[in-house]
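J.: The chain contents come next:
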Amino acid sequence: MPTKITMTVNGQSVTKEVEARTLLVHFLRDNLQLTGTHVGCDTSNCGACTILVDGNAVKSCTMLAVQADGSEVTTIEGLSQNGEMHPLQEGFREEHGLQCGFCTPGMIMAAVALLDRNPNPSEQEIREGLEGNFCRCTGYHNIVRSIQYAAKKINEPKKAVAS
Amino acid sequence: MTNYIGKAVKRVEDKRFLTGKGRYTDDIVLPGMLYAYIVRSPYAHAKINNIDTSRAEKMDGVVKIYTGKDIAESGINGIPTGWQVNFKNGDTMKEPPHPLLVADKARYMGDGVAVVIAESREEARDAADEIDIDWEELPAVASAKKATEDGAPLVHDEAPNNKCFDWELGNPKEEVDKAMKQAHHITTLEFTNQRVVPNAMETRAAIGQYEEATGKYTLYTTSQNPHLTRLLLCAFVLGIPEHRVRVVAPDVGGGFGSKIFHYAEEALMIWCSERLKRPVKWTSDRSEAFMTDAHGRDHISKAEMGFDKEGNVLALRVKTHANLGAYLSTFAPCVPTWLHGTLLQGLYVTPKINVDVTGVFTNTVMVDAYRGAGRPEATYLLERLMDTAALEMDMDPAELRLKNFIPPFDGVEQPGYQTQVALQYDSGNYHAVLKRALEMVGYEKFRKEQAEARKEGKLLGIGFSTYIEACGIAPSAVVGALGARAGLYEVGQVRVQPTGKVSVFTGAHSHGQGHETTFAQVVADRLGIPLDDVEIIHGDSDSVAFGMGTYGSRSLAVGGSAIVKSLDKIIEKGAKIAAHKLEASEEDLEFAEGKWTVKGTDKSIAFGDVALTAYVPHDYPEGVEPGMDFSSFYDPANFTYPYGAHVAIVEVDKDTGHTKLKRFIAVDDVGNVINPMIVDGQIHGGLAQGIGQALFEGAMYDEDGQLINGSYMDYTMPRADDLPSFEIDRTVTPCPHNPLGVKGAGEAGCIGSTPAVVNAVMDALRPFGIKKDLEMPLTPERVWRHMQS
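Chains A and B supply the protein sequences, listed in that same order. Numbered continuously in the UniProt record's numbering, the first sequence closes out at residue 163. Numbered continuously in the UniProt record's numbering, the second sequence closes out at residue 789.
In short, the hints are calculated from the structure, not lab data. Bear in mind that the values here come from a model prediction, so they are computed numbers and not experimental data. Virtual Cβ for every residue (Gly too), placed ideally from N, Cα, C. Mixed in with the good hints there might be a few duds.
Claimed, not checked - Distance windows between CB atoms, simulated: (1) 20(A) - 190(B): 34 to 42 Å; (2) 67(A) - 92(B): 57 to 65 Å; (3) 6(A) - 23(B): 22 to 30 Å; (4) 122(A) - 47(B): 54 to 62 Å; (5) 497(B) - 6(A): 23 to 31 Å; (6) 117(A) - 7(B): 42 to 50 Å; (7) 498(B) - 67(A): 24 to 32 Å; (8) 653(B) - 155(A): 32 to 40 Å; (9) 535(B) - 155(A): 35 to 43 Å.
What the hints assert, rightly or not - Below, simulated BS3-like cross-link-like pairs (lysine-lysine); rule was C-alpha separation at most 25 Å, straight line: (10) 146(B) - 152(A); (11) 435(B) - 501(B); (12) 146(B) - 47(B); (13) 10(B) - 153(A); (14) 445(B) - 435(B); (15) 455(B) - 435(B); (16) 581(B) - 569(B); (17) 16(A) - 455(B); (18) 69(B) - 88(B); (19) 152(A) - 15(B); (20) 21(B) - 88(B); (21) 163(B) - 173(B); (22) 581(B) - 662(B); (23) 173(B) - 448(B); (24) 153(A) - 146(B).
What the hints assert, rightly or not - Residues of chain A clear of chain B, computed beta-carbon distances all greater than 10 Å: (25) 77; (26) 96; (27) 104; (28) 149.
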């Protein structure tokens, strides 16, 4: 039996009928054509499908679409504001934090949550914070640099205001 | 700015990936598309007595179910291999058929037996559960060595003792045996270079689309070489007309070799679409990928190296059993032979070398090229021998290497270096990379720290590895003589548009390597135009004339050179037009910074004006064709030979056996560098994969051929907190035989790093005395047991 669900995705309200067993990641990809969120495994280990649900990083393959009913969802497509890239998107470009790009959306969304929790992480904290996300291309070296770049950028204006 | 070569230009392809607008195969949805689910054998070896699909056919949404019997009856061929390696006695390589779906028996866990096609992915999967198969399980064999023993189960009846080929290279065995007898010391290692799973983050996917009205076929696929896939599909498997077949490899989420090969699912989707007159999509899930993507490595080797009293290498003798899996994948026979045996000279002057390889069928998934392909196996063997020999002879491992290195040569003034194993190295200064690495490590200081640490009971270790690889595999005539069934050139087309903007079509395929940036740098630099005026197009056989694809670190060395050849033609033609417009002779012109200038004057004409003239040829030189569009095939003169020196520093926990990789230093020479940022990224990624093999990864088949760690729950992938930040540097020794002087950077990191890490752990364990060798991956359990033994 299809179930009617409503959620806010990247700032827009959507209402759809889904099968109860539909995973949130398939709902985003198949029903909303938001194909920036990727499926890299079937055991919730790789993190390619990471998105934000009510501000928390969630592996969208671990959650049913119906469980997100009433939630606020942000995917990689919703990260840029007014055509301006998010500091993490910018950081990944500046520091060559991506190669094939497949893990990148999940990696960035995980990093958004990481910097929300800890705006000034050490290298070790960044590495530990990315434990749930695999990248097979970069050896993580430049991903760490990318997140450091973004942290610096995010913190700069705050400091300016404080002073 | 038009000076782009050597600059860390930010990647032009990044924006789409960073904003979720990449377009991978599974992202594509075509009108009326159906979904396929492949039913696979749960057994490594089993006869199919009967398949009953009647219940499944009645399920909601099911459109059609095909089995191996339907494939067999349709008369199409199986998947071919692209390389032939015959037996030493001249007998032809055993090449049993590899059907798209099997009808008689399954030969590995994951062998496809039926395909369910339904309106949705879920319906296809639900129906697959309702197919009843009467299996008769047969004894299976997973180990290459066991498979060759008398009485072992036969994977294919036509291959006795499961042997596909046997092969030998180098000096005659008697000469090597004789040299070994004169050795003061012989170091012997017997080990398995374990099987690893490539694990590109995007799993394989394929969409077949047949359009009845036009008779055209389109295949969207996760491929590193769409044109080769098209050729194999048309000429060997399905017999469909190549000029009506379009193969598109859109954005591809990593390959590492595993997406070079033509897989059964690609042909199967086209075959199904042709019958059903609707597009059909198959997307592998990760569990399926573990079972069905071609794996890498899996060599069982015995390697012996003989030294004189002073530590000079006298001889090397290697015997390898290479696991090929159940069928021959596209390049499978080439990897353990021509990409492995030929690299056993390494960087050393070893005067006598003999390598003997047996290629073996087993009840496991196919084994083929994985990042490095044969060269990591050769390097592992040599470099483990070197560190072990140094330990046994009580010599310094760095000194032992420096003593045995081939002297520097540039390949121009000094000739290339002829090895004992068929290759001629292009250029190199091998001492320089190791010396630089030692400097970065602070070697003497480290040894002091290590001695102090040992006094405190800490297990600190350092491991070395130096390597050479053969990249840009070529030339066609040579590889043809060695058994390749394809040419190994590349195609590069440069089309200058009337407005002076430039479209470049390359047969190389980027799946993370950043060709859209690097190739554009070359073009913009040579033509003296802004980078933004250049667009690189790849991955679509309807746009790109032909291509051999991306693997073996070949894209820039071979594909880039093909583009340069076309740029030369553009500039040559442009000069004729410019001379006409400037009323000067061609010899009096020079081309720089995007314009032709009459030498010694200020008379010039810009590239864009020449382009426009070529397309609006009102005032035009006689005998010159309009337009500005050139295509070139570049077939290199030789392989290219990147090399380097890697050093690992580890600390082993005495109580748990856990290895902490503290530092990793890599000094590589990949020839000239177009984009240092991208080259560094390639090195980093390679290092992580090589370190992964040393410490974490390994596909495990049990004795019954069951893959027992076929998921990310069980197969350990390197994570961010398993690795340190890498310390890398390079030397630059240009390749003397291609126009860019480049050698290739894609595999270097993966080739050098594995033995360095294992050597470091063995060094850390030195206080326990010289013990028998450790098998990879060096899990805490293995290391702990080693310490207790």
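J.: That 23 to 31 Å hint for residue 497(B) and residue 6(A) (C-beta), does it hold up?
T.: At roughly 49 Å between Cβ atoms, residue 6(A) and residue 497(B) fall outside 23 to 31 Å, so the hint is violated.
J.: Between residue 498(B) and residue 67(A), does the C-beta distance stay in 24 to 32 Å?
T.: Violated - the Cβ-Cβ distance for residue 498(B) and residue 67(A), about 56 Å, lies outside 24 to 32 Å.
J.: So does residue 653(B) sit 32 to 40 Å from residue 155(A), Cβ to Cβ?
T.: holds, 36 Å
J.: With a cut-off of 25 Å on the C-alpha distance, tell me whether residue 16(A) and residue 455(B) pass.
T.: violated, 68 Å
J.: Is the Cα-Cα distance between residue 152(A) and residue 15(B) 25 Å or less?
T.: The hint holds at about 21 Å.
J.: Quick check: does the Cβ-Cβ distance between residue 117(A) and residue 7(B) fall within 42 to 50 Å?
T.: This hint is violated: roughly 37 Å between Cβ atoms.
J.: Given the hint that residue 10(B) pairs with residue 153(A), test it: the Cα-Cα distance must not exceed 25 Å.
T.: holds, 18 Å
J.: Taking the minimum C-beta separation from residue 149(A) to chain B, is that value above 10 Å?
T.: holds, 12 Å
J.: Quick one, are residue 21(B) and residue 88(B) close enough, alpha carbons at most 25 Å?
T.: Violated, at roughly 52 Å.
J.: Decide if the proposed pair is consistent with the structure: residue 455(B) and residue 435(B), CA atoms, cutoff 25 Å inclusive.
T.: violated, 28 Å
J.: Could you let me know if the closest chain B CB is still more than 10 Å away from the CB of residue 96(A)?
T.: Since the minimum Cβ distance to chain B is about 5 Å, residue 96(A) lies within 10 Å and the statement is violated.
J.: Is the hinted range of 22 to 30 Å satisfied by the C-beta distance from residue 6(A) to residue 23(B)?
T.: Holds: the Cβ-Cβ distance is about 29 Å, inside 22 to 30 Å.
Of the numbered hints given earlier, the model fails hints 1, 5, 6, 7, 10, 11, 15, 17, 18, 20, 22, 23, 24, 25, 26 and 27; all others are met.
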